[in-house]
Amino acid sequence: MNFTRRRFGCALCATAWLALAGQAAAQRIAPGEGSRYLAPGYQPSSESDEKGLWALMNRYERDMKTSRFVVRDAGVNAYLREILCRLADRYCADVRIYVVRTPLFNASMAPNGMMEVWTGLLLRCRDEAQLATIIGHEVGHYLRQHTLERYRDARSKADFGTFLGMGLAIAGVGWAGSLAQLALVASMFSFSRDQEREADEIGLNLMADAGYSPAATAEVWGQLLAEYKGSTAQRDQSLLFATHPLPEERLDTLRKAAAARGEAGERWRDRYRARLAVLRPRLVADELSLRQYGRSEVVFEQLLVDAPDDGGLWFAKGEVFRLRNDSGDAGKALAAYERALAAKGAPAETWRSIGLVELKSGAKDRAEIAFGEYLKAKPDATDRDVLKTLIAQ
Amino acid sequence: MPRSLRRTAAGLRVAIVSILVVALSACAPAIQRQTPQLQRAERIPRIVVMPIDVELSQLTAGGVNEPHAEWTEAAFKNMRAALETEARVRKVVLVDFNPESGTPDDRETSTDLVKLHRAVGGSILVHQYNPDLALPSKQGKFDWSLGPSVQAIAKSHDADYALFLFVRDNYATAGRVAVIVVGALLGVGVPGGSQIGFASVVDLKTGDIVWFNRLVRPTGDLRTPEAAGETVKALVSDALQ
Amino acid sequence: MTHRTVRNFGALLVAAIVLAACAPFTLVTPQRQTVGGVISVEPGMRWNKLEISPYQGKVEVWTLDGLALNSLLFFTGVPDGEPLFVSRSLAASGQQEKPPVFRANMNPLEIQELFDATIARNFRTSIIESHGLKPVEVAGVPGFRFETRFVGRDEVVRSGVFLGTVRGGKLYGAWFQGARLHYFQRYVPEVEKMAASARLVGEAASAR
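Residue numbers (my numbering), protein chains in the order written: chain R, 1 to 393; chain F, 1 to 241; chain Z, 1 to 208.
Rather than coming from a laboratory, the hints here were simulated on the basis of the structure.
Treat the hints with caution; some may be incorrect.
[Claimed, not checked] When the alpha-carbon atoms are kept at most 20 Å apart in a straight line, the in silico PhoX-like pairs for lysine-lysine are as follows:
{"#": "1", "chain 1": "Z", "residue 1": "49", "chain 2": "F", "residue 2": "141"}
{"#": "2", "chain 1": "R", "residue 1": "344", "chain 2": "R", "residue 2": "376"}
{"#": "3", "chain 1": "R", "residue 1": "388", "chain 2": "R", "residue 2": "376"}
{"#": "4", "chain 1": "R", "residue 1": "229", "chain 2": "Z", "residue 2": "98"}
{"#": "5", "chain 1": "Z", "residue 1": "193", "chain 2": "Z", "residue 2": "134"}
{"#": "6", "chain 1": "R", "residue 1": "388", "chain 2": "R", "residue 2": "344"}
{"#": "7", "chain 1": "F", "residue 1": "233", "chain 2": "F", "residue 2": "77"}
{"#": "8", "chain 1": "Z", "residue 1": "49", "chain 2": "Z", "residue 2": "193"}
{"#": "9", "chain 1": "R", "residue 1": "388", "chain 2": "R", "residue 2": "378"}
{"#": "10", "chain 1": "R", "residue 1": "332", "chain 2": "R", "residue 2": "360"}
{"#": "11", "chain 1": "F", "residue 1": "205", "chain 2": "F", "residue 2": "155"}
{"#": "12", "chain 1": "R", "residue 1": "364", "chain 2": "R", "residue 2": "332"}
{"#": "13", "chain 1": "R", "residue 1": "378", "chain 2": "Z", "residue 2": "193"}
{"#": "14", "chain 1": "R", "residue 1": "364", "chain 2": "R", "residue 2": "344"}
{"#": "15", "chain 1": "Z", "residue 1": "49", "chain 2": "F", "residue 2": "138"}
{"#": "16", "chain 1": "R", "residue 1": "51", "chain 2": "F", "residue 2": "233"}
{"#": "17", "chain 1": "R", "residue 1": "388", "chain 2": "R", "residue 2": "360"}
{"#": "18", "chain 1": "R", "residue 1": "388", "chain 2": "Z", "residue 2": "134"}
Please take these sequences and the hints and turn them into a complete structure.
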């Protein structure tokens, strides 16, 4: 048992080292070098500061278990667990993944093995390999006990000013609770660049060893950067960027390391879309509720590149234009809805949105037809009467 | 994030804490109650101890609260033990809240009630203990409640009352103390640490909060068993009459 | 990592304390009165009015048990191009893109959508579902009504009812919300009675 554990740990450190050195293909190294990694089934020893930290995290996790923001769909949770276990089979039992309903790109790992993946991330990943990148990265933080490192590091300092850094940027965004809580958590848990690089390496090797295509690792960050360029906000705040700073240099290192791993691998795009299909309408609606039109447009466009025949995504794009309602948007919205109807799986609401846009431009007859189609497609619609009233006015 | 904004946020935090300290030291009685004492007519009161919501943190030089894991765990254990002692003395039966008990509906209601209580407790602290923030419509009456859905907890735990304890406490680091001292020299008041806390007893027939006590410093230092014991006693013994 | 905390208690206190310039709450007596110069109502019980509103915009805020437990927001003529309201703490934090705004040519369905987006943004939650939209008379004129339900970051489920009408290109109405357990249901009769008593006055009355 001990031998296998060390061997697993070794395999990781071997490949990480080799990746850094730019060599392809992992070599198994003799046991004895894996002790840097957390052992499977690890629990902190009695009365250490680490034990106190775990206890605190365990209490947060108790709250998490009853939170209304956690997605409980069995299929979705099973899928993420499958990916986790494929990546880090020996640590499967030590890590619990919680899918949290927040429409931003973020994932995090607490020292006690509690992982959070936000639904905004599930929307933005384009295939299973990209999601595996993130999960593997977070597992890396866990294996190397980065949070404990940061916790001890932070406590040894008299002044936390330097640690706040991006932390209060998170506090400004406010998606995760009160000002004080955010600042303190961020100050505890924002990782150093070395730690990020380490987690990147481990994540890359975990996912490549599990048969995923290494090229996915840098992609997902690149997509995110493109999205923020599409934002019209003066100062954009990404929770993920705040806790995981992404200088050019890190992206570069990632790309090189991925190229060094070289071998092709799987993307599992169809499986990714299929397993999360049940969530997709919710993910889209939550994204739209942010009313961040520039960014949402980029996100949906990226997804449409992979799935040009996805009626739900064309509908989503149309909604961005309809809700933004700048000059010219009505036409763009209608065009997108038309593409949606021509594609597969457009929701019944597509017709309703067409009706709303037509109504706004005064085309009552066309609106009435569209609403009629909507009600045909969705006979149990609860807004039947409302739509009739809109036409009647 | 620009430095200036970071400092403003930290400064705001300091300001808030200082206002809070001043606000909470207003002269409202610490203990508020609706009924004089627990009903003992039918049986020895069974009291559900809701998950003790305590978090101790370290107030850093920059004015940021960092939760202190060991202190929190110690406080948690100390307070629970102190409660047991008080219960024995006061002749009440304590039952730990079990989130798994009852029907699925009961469980969901119970969870929601715990969250509601945080909001109600906070509102009481804000509105009942500071004349400036009082709600004039209440005219000084103490009539807060969780509502009759508490009967779900009464049923699933066969209990008469529920006891809630909530504490947020921070202790100044050496760096912080330095800031305070320097501040004092410059004639600037900088708050040291602050403590927010309350204990409440809820009647599980009606949901009414029949007893509420605000925690007042300096009695509470929850990092040691003795002090935690004293704090719990001060908070709670009057409730368990 | 950002621990998505359930302890919004701190934020509540912050909000409350920030309001404490002096006596931010004034008594509303149970008699007919005008809100914002445009909505005349007759409350049946004592309410508390927030003199320093936590929200920017054409809103007036009343409460019975404190903002964490229930609130009544009067919309006193939201003009074209303005958001329904923006919470001051959010405005101070330097949010991202511009908030969604009311447009005079919005129909009730779109106003309901706007409402959901406003709640999502100001209370930082994606769990917001408005439903049951139907045309009703509001303050004596044709209007609309829908029920609301959202979960804030403190994990408290909040029920609500929204009544509105658009006159002269501006939105008038009110939204009462409270914790689903006890603090909403308890006051529904009072809110319904007040709604029945409501009339548009001033510039709202003369508008079409």
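Given the hint that residue 388(R) pairs with residue 360(R), test it: the Cα-Cα distance must not exceed 20 Å. Roughly 15 Å separates the two Cα atoms, so the pair holds.
Does the structure keep residue 49(Z) and residue 141(F) at a Cα separation of 20 Å or less? Judged against 20 Å, a Cα distance of about 18 Å means the pair holds.
Would you check the hint for residue 388(R) and residue 378(R), treating anything up to 20 Å between C-alpha atoms as holding? Measuring from Cα to Cα gives roughly 15 Å; hence the hint holds.
Decide if the proposed pair is consistent with the structure: residue 233(F) and residue 77(F), CA atoms, cutoff 20 Å inclusive. Distance ~15 Å between residue 233(F) and residue 77(F) Cα, so the pair holds.
Holds or violated: are the alpha carbons of residue 344(R) and residue 376(R) at most 20 Å from each other? holds (18 Å)
Are the Cα positions of residue 49(Z) and residue 193(Z) separated by 20 Å at most? holds (18 Å)
Please work out if residue 229(R) and residue 98(Z) have their alpha carbons no farther apart than 20 Å. Cα-Cα ~16 Å, so holds.
Straight-line alpha-carbon gap residue 51(R) to residue 233(F), limit 20 Å: violated (28 Å)
Between the alpha carbons of residue 364(R) and residue 332(R), is the straight-line distance 20 Å or under? holds (19 Å)
Given the hinted pair residue 49(Z) and residue 138(F), is their alpha-carbon gap at most 20 Å? With Cα atoms ~13 Å apart, residue 49(Z) and residue 138(F) stay inside 20 Å; holds.
Can you confirm whether the C-alpha distance between residue 388(R) and residue 376(R) stays at or below 20 Å? Holds, at about 14 Å.
Against the 20 Å threshold, does the CA-CA distance of residue 332(R) and residue 360(R) hold or violate the hint? At roughly 14 Å apart (the allowed maximum being 20 Å), residue 360(R) and residue 332(R) satisfy the hint.
Figure legend: structure checked against the earlier numbered hints; hints not met, in rising order: 6, 13, 14 and 16.
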